[in-house]
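The lines below spell out each chain.
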Amino acid sequence: MPNQLYKVIENPIQTEEVIRKVESRNAGAITVFIGTVREMTNGKRTLYLEYQAYKTMAEKKLNEIGNEIENKWPNTKVAITHRIGRLEISDIAVVIAISSPHRNVAYEANRYAIERIKEMVPIWKKEVWEDGEMWIGDQLQKTRLNKS
Amino acid sequence: MIKLLFFAQLQEEIGHHSFEIEDANYTVQQLKEYVLKEYPMVNLQHAMVAINEQFSSDKDLVHDGDIVAFLPPVSGG
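Here the protein sequences line up with chains R and V, keeping their order. Position in the first sequence (first residue = 1) + 1 = the numbering used here. Position in the second sequence (first residue = 1) + 213 = the numbering used here.
These aren't lab readings, by the way, just hints derived from the structure by calculation.
Below, computed lysine to aspartate or glutamate pairings styled on EDC-like, alpha-carbon distance capped at 20 angstroms: (1) R:Lys119 with V:Glu266; (2) R:Lys127 with V:Glu226; (3) R:Lys127 with V:Glu225; (4) V:Lys216 with V:Glu251; (5) R:Lys61 with V:Asp279; (6) R:Lys56 with V:Glu225; (7) R:Lys119 with R:Asp92; (8) R:Lys56 with V:Asp279; (9) V:Lys250 with V:Glu225; (10) V:Lys250 with V:Glu235; (11) R:Lys22 with R:Glu71; (12) R:Lys56 with V:Glu266; (13) V:Lys245 with V:Asp271; (14) R:Lys61 with V:Glu266.
Take a look, some chain R residues computed to stay more than 10 angstroms from chain V by CB distance: (15) Gln5; (16) Glu18; (17) Arg26; (18) Ala30; (19) Lys73; (20) Ile90; (21) Asn105; (22) Gly133.
Sample of chain V residues with no beta-carbon within 10 angstroms of chain R, all distances over it, derived: (23) His229; (24) Phe232; (25) Glu233; (26) Thr240; (27) Gln242; (28) Glu246; (29) Tyr247; (30) Pro253; (31) Met254; (32) Val255; (33) Ser270; (34) Asp271.
Since this is a predicted model, take the numbers as computed values, not measurements. A virtual CB, placed ideally from N, CA and C, is assigned to each residue, including glycine.
Could you build the full structure based on these sequences and the hints that come with them?
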């Protein structure tokens, strides 16, 4: 489905395409969040990231987030694409586009979307360093803290 | 038959993406215990479990034909 609003894909994300899905004559603003792969995390150099998803469930959860937003802030339109697989530094991992009649809502709703993604969408990233690798998630970070 | 799916570090700890078990009528808690018995090194302490792509709780029942996914804390975005 080329026009699907909530997608998990393996190829580079076409940001323009995501934006186009939320264009509307009623919109006064479109906010676009672009999540990119960062090189340095807590002083450690990442070589690349490996993203994995429970794809069908992840797309459902993205859809749920979109529904939450459209209920919370009427007249918004939401589109989210997340990329999985191997991503290099500076590659785009996620694009969230939200249109709204007014800019305040467009900003607020976009922030809400990324926070919800980090809470409940079954997607995971593994940081690969020169001397090792680690799946990222609360669990391992907590485990590490407890052990140290 | 129940299909079990594992993701991220759980998949690496177990060594494969999925396997099937013949019996049904487990609770989620009992399924976790089953997995821990088969794979004692696996850390399910913080895993969430989804039955047919819906988050579930330990008391939920798993039925024949269900797909049960073990999900470590997510880290997308």
